[in-house]
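Here's the letter readout for the chains.
There are 2 protein chains.
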Amino acid sequence: MNEYVEKQFKYISLDEALEKIIHYSRLSPSVINIDVYRSLGYVLAEDVVSPISIPRDTVAHFDGYAVRSSDTLKASTVNPVRLKVVGRIDSIKEHNLSIREGETVYVVTGAKMPGGADALVPVERTRRYGESIEILEPVKRGEHVTFRGADIEAGESVQRRGDVIRPQTIKFLLDAGISRIKVYAKPRIAIIGVGDELTIRREEVDGKKLETSSTMIHYYVNEFGGIPTRVNPVPDNPNQIIQVVKNSLRQNDVCVTIGGVSLGPRDLCWTTLSKLPESIPIARGLRVQPGRATSIILLNGKPVIMLPGHIQSTISGAINILIPLLLYMQGLQSRDFFPKISAEMDEDLIVKEYSSFTRIRFVKLFKDGDRYRARAILGDSSMIRPLILSNGFIKIPEKVEKINRGSIVEVYLLSWLDVMHLFSNIR
Amino acid sequence: MNEYVEKQFKYISLDEALEKIIHYSRLSPSVINIDVYRSLGYVLAEDVVSPISIPRDTVAHFDGYAVRSSDTLKASTVNPVRLKVVGRIDSIKEHNLSIREGETVYVVTGAKMPGGADALVPVERTRRYGESIEILEPVKRGEHVTFRGADIEAGESVQRRGDVIRPQTIKFLLDAGISRIKVYAKPRIAIIGVGDELTIRREEVDGKKLETSSTMIHYYVNEFGGIPTRVNPVPDNPNQIIQVVKNSLRQNDVCVTIGGVSLGPRDLCWTTLSKLPESIPIARGLRVQPGRATSIILLNGKPVIMLPGHIQSTISGAINILIPLLLYMQGLQSRDFFPKISAEMDEDLIVKEYSSFTRIRFVKLFKDGDRYRARAILGDSSMIRPLILSNGFIKIPEKVEKINRGSIVEVYLLSWLDVMHLFSNIR
Chain A
1 MNEYVEKQFK YISLDEALEK IIHYSRLSPS VINIDVYRSL GYVLAEDVVS
51 PISIPRDTVA HFDGYAVRSS DTLKASTVNP VRLKVVGRID SIKEHNLSIR
101 EGETVYVVTG AKMPGGADAL VPVERTRRYG ESIEILEPVK RGEHVTFRGA
151 DIEAGESVQR RGDVIRPQTI KFLLDAGISR IKVYAKPRIA IIGVGDELTI
201 RREEVDGKKL ETSSTMIHYY VNEFGGIPTR VNPVPDNPNQ IIQVVKNSLR
251 QNDVCVTIGG VSLGPRDLCW TTLSKLPESI PIARGLRVQP GRATSIILLN
301 GKPVIMLPGH IQSTISGAIN ILIPLLLYMQ GLQSRDFFPK ISAEMDEDLI
351 VKEYSSFTRI RFVKLFKDGD RYRARAILGD SSMIRPLILS NGFIKIPEKV
401 EKINRGSIVE VYLLSWLDVM HLFSNIR
Chain B
1 MNEYVEKQFK YISLDEALEK IIHYSRLSPS VINIDVYRSL GYVLAEDVVS
51 PISIPRDTVA HFDGYAVRSS DTLKASTVNP VRLKVVGRID SIKEHNLSIR
101 EGETVYVVTG AKMPGGADAL VPVERTRRYG ESIEILEPVK RGEHVTFRGA
151 DIEAGESVQR RGDVIRPQTI KFLLDAGISR IKVYAKPRIA IIGVGDELTI
201 RREEVDGKKL ETSSTMIHYY VNEFGGIPTR VNPVPDNPNQ IIQVVKNSLR
251 QNDVCVTIGG VSLGPRDLCW TTLSKLPESI PIARGLRVQP GRATSIILLN
301 GKPVIMLPGH IQSTISGAIN ILIPLLLYMQ GLQSRDFFPK ISAEMDEDLI
351 VKEYSSFTRI RFVKLFKDGD RYRARAILGD SSMIRPLILS NGFIKIPEKV
401 EKINRGSIVE VYLLSWLDVM HLFSNIR
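So the protein lines, in turn, are chains A and B. Its first residue numbered 1, the first sequence is counted upward by one per residue in my numbering. Its first residue numbered 1, the second sequence is counted upward by one per residue in my numbering.
The set of hints was computed from the structure by calculation and includes no laboratory data. Some clues are possibly wrong.
Identical chains share a label here; the pair holds if one copy fits it or two copies do between them.
Stated by the list, open to error - Taking lysine to aspartate or glutamate and the EDC-like style, the derived pairs with C-alpha atoms no more than 16 Å apart in a straight line are: (1) K340 - E410; (2) K208 - E94; (3) K209 - E94; (4) K395 - E353; (5) K352 - D57.
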């Protein structure tokens with residue numbers, strides 16, 4: 001079949017496909033301004049400069065007595081130093097209290113220290129005598145206080161454009177009084193299963209089957225920061241395909257079709273969509289296997305990514321084009337971003353087919369003492385076995401036809417759930 | 001301060017604390033039956049056995065003509081083999097068609113092959129002549145067909161108890177006609193900030209400050225499979241603390257307080273809660289720094305985890321006790337589950353303090369060719385700088401007082417967002 005296929009497809013490399021999409025499309029990371037509370041997982045579109053010093057004032061690290069450290073120099077159990085309590089700072093409110101030689105003020109954790117004080121003695125290390133306290137040992141300047149700006153200085157750049165917003169980022173932003181920030185918008189991705197046989201009904205009716213591939217891709221889009229929209233499956237009908245795809249692009253940045261992109265008479269996605277007058281062809285086939293039928297056009301500047309319907313081809317197209325594009329659209333690096341683990345191949349792996357392509361193989365990682373071993377889970381592109389029994393994948397470069405047992409390979413983990421699957425599994 | 005502190009706290013190891021919680025509490029992974037569509041990220045509480053063979057029947061891999069491979073043995077371009085088209089299978093509906101010698105039937109991708117056929121010729125590799133087709137080369141038995149059960153066999157165990165449900169698992173379950181599965185319930189975790197100064201109002205009013213630590217912990221609970229409930233902050237008042245904690249445990253499996261667990265006069269969480277008659281003390285302090293004030297009781301069999309309020313102590317308590325407990329409650333491994341990366345220390349790191357404890361330090365990973373270097377981001381436990389400028393943490397075992405520049409350390413990534421932060425960052 002290869003000779004015939006080679007005539008129909010014009011395979012281009014993954015890098016070329018991505019570059020062409022980015023170059024010819026109107027896609028670029030778009031910037032929005034959102035509430036910090038809703039910003040988890042977004043990518044910063046601006047450097048964040050702290051508007052305030054943290055702490056804002058020199059503050060007490062514990063509940064205790066603010067002192068001049070010089071007053072405590074000679075304190076000991078035998079000769080405690082006695083200081084007069086001249087005030088009490090019970091809250092983190094602004095105040096103008098200060099102390100002089102021989103004086104102290106009670107301060108609660110996080111509250112602004114009184115003027116003149118440069119150290120704090122925790123309350124449980126003092127003894128109270130009426131209006132005074134006794135201190136039994138010297139404290140050093142700065143002890144148990146945090147100086148203004150010691151954590152973050154006003155004007156300091158603390159997060160940068162391209163940083164993913166994490167839980168601690170949100171805490172910082174809120175603490176710094178920042179309520180809205182500029183981030184890259186999450187790309188909106190329509191996902192459409194194509195095929196006469198597909199239905200969204202779970203009950204098997206009249207020879208139709210439940211469309212489940214878009215369900216799977218939906219979750220990955222979500223995981224990598226996109227907003228997926230599932231569209232009802234469309235039958236193998238040129239006009240319906242065109243109408244549904246065009247419709248989906250009104251509300252979405254990218255349209256992903258699944259199925260109908262190979263060479264049979266019912267493979268209508270490429271043939272109908274690439275012939276529209278407004279269509280700009282990007283790729284009719286990619287140099288990746290499985291997934292080589294993945295084809296891409298632009299419609300009115302927006303990418304339509306046609307993934308093949310066999311499940312391993314679908315996921316390979318998603319790994320190699322859709323997810324990198326999703327990351328690009330959020331201002332992130334779109335190459336080599338999956339977390340990876342080095343592992344030793346457990347068995348020889350022969351990969352003679354499509355040796356001028358990048359090959360994707362799913363592998364199961366096993367722990368072997370402190371190291372990992374990887375075993376390929378094989379099966380033709382329509383089989384789900386390799387996906388459900390694996391917990392990672394390897395990319396085999398062009399020309400490699402065999403990976404020897406004992407070689408070290410980089411195993412990519414596809415999602416946080418793969419990470420959880422691997423690291424917290426009870427086995 | 002250490003001597004004094006040692007008297008108040010009775011530090012126990014992290015392992016001991018976890019074992020005691022599990023042993024004395026009524027917590028155990030609880031099993032629920034849920035809809036497959038809502039099961040992403042849950043952990044299987046049962047082995048999953050496929051109720052059907054996949055594919056259910058021997059099916060066509062492409063649109064094409066079903067043939068007896070023996071009929072095609074002598075086919076060539078010069079002498080094509082002509083076969084009579086005796087039928088057409090247009091859908092994946094059940095049928096009883098079959099072919100005899102010299103016959104063929106048109107079959108669409110995924111449809112059941114007719115009886116008698118053992119191979120398929122893709123339609124684009126045939127020529128049609130009226131009621132017949134011509135085939136130009138031999139096909140082998142099994143070519144372009146997938147035999148019944150070749151992917152998954154009926155009765156095969158394909159996922160096991162303890163496996164995290166991933167997108168591909170859901171596709172498989174739906175394809176196999178499984179609509180509900182047994183999983184471990186996600187633990188419900190109440191999170192309560194404690195302190196007179198705390199408010200949920202964003203506008204700074206009257207010396208109160210926005211409570212942001214529970215916001216941060218909320219996201220981590222979510223990430224590790226728990227269902228977080230945020231409770232309004234409670235002031236430093238014994239009765240209110242008791243009431244709010246008890247109330248929260250009616251609807252939740254675990255209560256987490258943040259703040260008020262050290263030794264000052266306003267540190268009322270431990271002092272009030274541990275003295276309730278129904279309270280079973282588990283730990284008054286843990287052998288981990290930061291986070292050593294973390295204290296734990298059981299109230300009516302449910303854990304109350306009191307995290308210290310200084311942010312690095314809060315997160316350390318979450319990393320070392322809360323998240324492991326969350327995983328345990330979902331039937332997962334609760335030790336060494338964070339994804340980790342080996343890196344070379346970039347600078348000497350002195351860690352003399354609390355050398356009989358496990359020490360947590362936050363580090364920034366830098367890529368250095370194919371390797372990673374790690375640099376500690378230091379700051380006292382109240383500082384957020386180490387958290388926001390790092391992208392991982394290291395655990396320093398007891399007795400180690402120095403990590404030399406150039407040593408290899410294991411750097412743990414705290415969440416999928418840390419993974420994204422590290423791997424897809426534009427820098």
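(Q) One pair to classify: K395 and E353, alpha carbons no more than 16 Å apart. Within, between, both, or neither? (A) Within one copy, since 14 Å is at most 16 Å while 45 Å is not.
Q.
At most 16 Å between alpha carbons: which applies to K352 and D57, within, between, both or neither?
A. neither (67 Å within a copy, 29 Å between copies)
Q. How would you label the pair K208, E94 (within, between, both, or neither) given a Cα cut-off of 16 Å?
A. between (70 Å within a copy, 10 Å between copies)
Q. Taking 16 Å as the upper bound on the Cα-Cα distance, should K340 and E410 be classified as within, between, both, or neither?
A. both (6 Å within a copy, 14 Å between copies)
Q.
I want to check one pair: K209 and E94. Are their C-alpha atoms no more than 16 Å apart within a copy, between two copies, both, or neither?
A. For K209 and E94, the Cα distance is within 16 Å only across copies (12 Å; inside one copy 67 Å).
Figure legend: structure checked against the earlier numbered hints; the only hint not met is number 5.
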